[in-house]
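Residues in the sequence shown are numbered consecutively from 1, following our numbering.
Read the hints as simulated data drawn from the structure, not as lab findings.
Just so it is clear, CB atoms sit at the ideal spot from N, CA and C, and this is done for glycine as well.
Be aware that a few hints might be false.
Across the chosen pairs, the derived CB separations fall in these ranges [to be verified]: (1) L240 / L178: 35 to 45 Å; (2) W437 / I376: 25 to 35 Å; (3) H77 / L240: 41 to 51 Å; (4) D433 / F310: 27 to 37 Å; (5) R51 / E369: 19 to 29 Å.
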Amino acid sequence: MLVPILAMLGESQRLSGDRLGDYLWPAVITLVAGLLMSLPGRPQHVQLRPRDMYLLTASSWLVVCLFAALPMVFIQHISYTDAFFETMSGITTTGATVLSGLDGASPALLIWRSMLHWLGGIGFIGMAVAILPLLRVGGMKLFRTESSDWSEKVMPRSHMVAKYILAVYLAFTLLGFLAFWWAGMTPFEAINHAMAAISTGGFSTSDSSLAHWPQPAVHWVAVVLMLLGSLPFTLYVAFLRGNRRALWRDQQVRGLLGFLLFTCLLFSLWLWQNSEHAWLDALRIVTLNVVSVVTTTGFALGDYTLWGDFAVLMFFYLTFVGGCSGSTTGGLKIFRFQVAYVMLKANLRQIIHPRAVLRQQYNGHPIDEEIVRALITLSFFFTITIGLLAVGLTLTGLDWVTALTGAATAVCNVGPGLGPVIGPAGNFASLPDSAKWMLSAGMLLGRLEIITILVVLTPGFWRD
Numbered sequence: 001m002l003v004p005i006l007a008m009l010g011e012s013q014r015l016s017g018d019r020l021g022d023y024l025w026p027a028v029i030t031l032v033a034g035l036l037m038s039l040p041g042r043p044q045h046v047q048l049r050p051r052d053m054y055l056l057t058a059s060s061w062l063v064v065c066l067f068a069a070l071p072m073v074f075i076q077h078i079s080y081t082d083a084f085f086e087t088m089s090g091i092t093t094t095g096a097t098v099l100s101g102l103d104g105a106s107p108a109l110l111i112w113r114s115m116l117h118w119l120g121g122i123g124f125i126g127m128a129v130a131i132l133p134l135l136r137v138g139g140m141k142l143f144r145t146e147s148s149d150w151s152e153k154v155m156p157r158s159h160m161v162a163k164y165i166l167a168v169y170l171a172f173t174l175l176g177f178l179a180f181w182w183a184g185m186t187p188f189e190a191i192n193h194a195m196a197a198i199s200t201g202g203f204s205t206s207d208s209s210l211a212h213w214p215q216p217a218v219h220w221v222a223v224v225l226m227l228l229g230s231l232p233f234t235l236y237v238a239f240l241r242g243n244r245r246a247l248w249r250d251q252q253v254r255g256l257l258g259f260l261l262f263t264c265l266l267f268s269l270w271l272w273q274n275s276e277h278a279w280l281d282a283l284r285i286v287t288l289n290v291v292s293v294v295t296t297t298g299f300a301l302g303d304y305t306l307w308g309d310f311a312v313l314m315f316f317y318l319t320f321v322g323g324c325s326g327s328t329t330g331g332l333k334i335f336r337f338q339v340a341y342v343m344l345k346a347n348l349r350q351i352i353h354p355r356a357v358l359r360q361q362y363n364g365h366p367i368d369e370e371i372v373r374a375l376i377t378l379s380f381f382f383t384i385t386i387g388l389l390a391v392g393l394t395l396t397g398l399d400w401v402t403a404l405t406g407a408a409t410a411v412c413n414v415g416p417g418l419g420p421v422i423g424p425a426g427n428f429a430s431l432p433d434s435a436k437w438m439l440s441a442g443m444l445l446g447r448l449e450i451i452t453i454l455v456v457l458t459p460g461f462w463r464d
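Model the full assembly from the supplied sequences, consistent with the hints where possible.
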């Protein structure tokens, strides 16, 4: 929390005592609370059971957001509801915002928002790689480099893998900073957007997002960084350890890149035929917007809801896709669609050949009953959560488009919704406080893949 003070040193205004308190008080409050919780001490040997890990995973994200919202209150002088919404959006790398006037906002506020993205992105990678597979959440047994035996496959010791992942994350952030700076941004703008892009977060330093920078190079740099953040980080570690084909051999990586290539080319052709854009401009605009939505980043290059009903429906569908497992992205993840397709083909063949013994495989591993159960359960409750959240939002007075797309973009951690209120050209500031709290809960549920939270809310979880 002291980093925003460093950002303020570059301002022409003198950092007065009152303004200095805006940055120090949140740090002091958090420090005191942390000391009070740690003073009782802890056992010398801690043995975490799966139940403890569920509670730790769910509570840590919530507690971090409760305290990380304090700088927003002190710096921006907004309500705690708005601060918590903005913080939850940042730490879950959603990118939905209630703030406006970002072009003239305090550098301290802008760097704090970007830091929330960056820390939330690396935090989710660590959770997705180290905790979720052990809790059997989401069918991640399909990726052996991300399950309980991943340390044996990639590196001899798990803590070394964590260091390698952090090193890769830092390297991508640094490269993104240099690339954005080279493309035409100022150093401050470049570091903010590098942290937002590699974490697939989407917070920008301008109300108009990446449309504020007309240079095509800025847009293509953002596309590359979003793609890097949407691929499995454990495969980057495998690549660095000598397995040069680790990325390309992964079925979900090929599936995501193939899906994006097909969608961007088809969508660009449609926009080129139905607008005055030249082909290269149409390709650039579509690619940035499509990659931003699929990777659940939330950057925008213009208001794509003005392109027509076809574009609006396409972007709504793309909201649910997501990137790869073990990346910084949200959504359902591309591998679940691929596994569902494998299961569909097998079922159709079983109908045609009832006596055939079919072996269902994905990514070189058999699809067993546990994986199928996890996939069906998460997909079902993912859809149910969006539906119930949308119904709750309509009870606060929101129209059905804002409610449905707001629920979808929150649970999928995308950022902007659709419609004139929360679309790419709007924000969430005008929503009632009750809607913001519900959307904050939706962001947390989606980020932790729902089942992790539902288990903690089960009465049987608390029984001895």
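Okay, the hints, checked on the actual structure:
no., hint, in the structure
1, L240 / L178: 35 to 45 Å, "violated, 20 Å"
2, W437 / I376: 25 to 35 Å, "holds, 30 Å"
3, H77 / L240: 41 to 51 Å, "holds, 45 Å"
4, D433 / F310: 27 to 37 Å, "holds, 35 Å"
5, R51 / E369: 19 to 29 Å, "holds, 23 Å"
Comparing the model with each earlier hint shows a violation of hint 1 alone; every other hint is respected.
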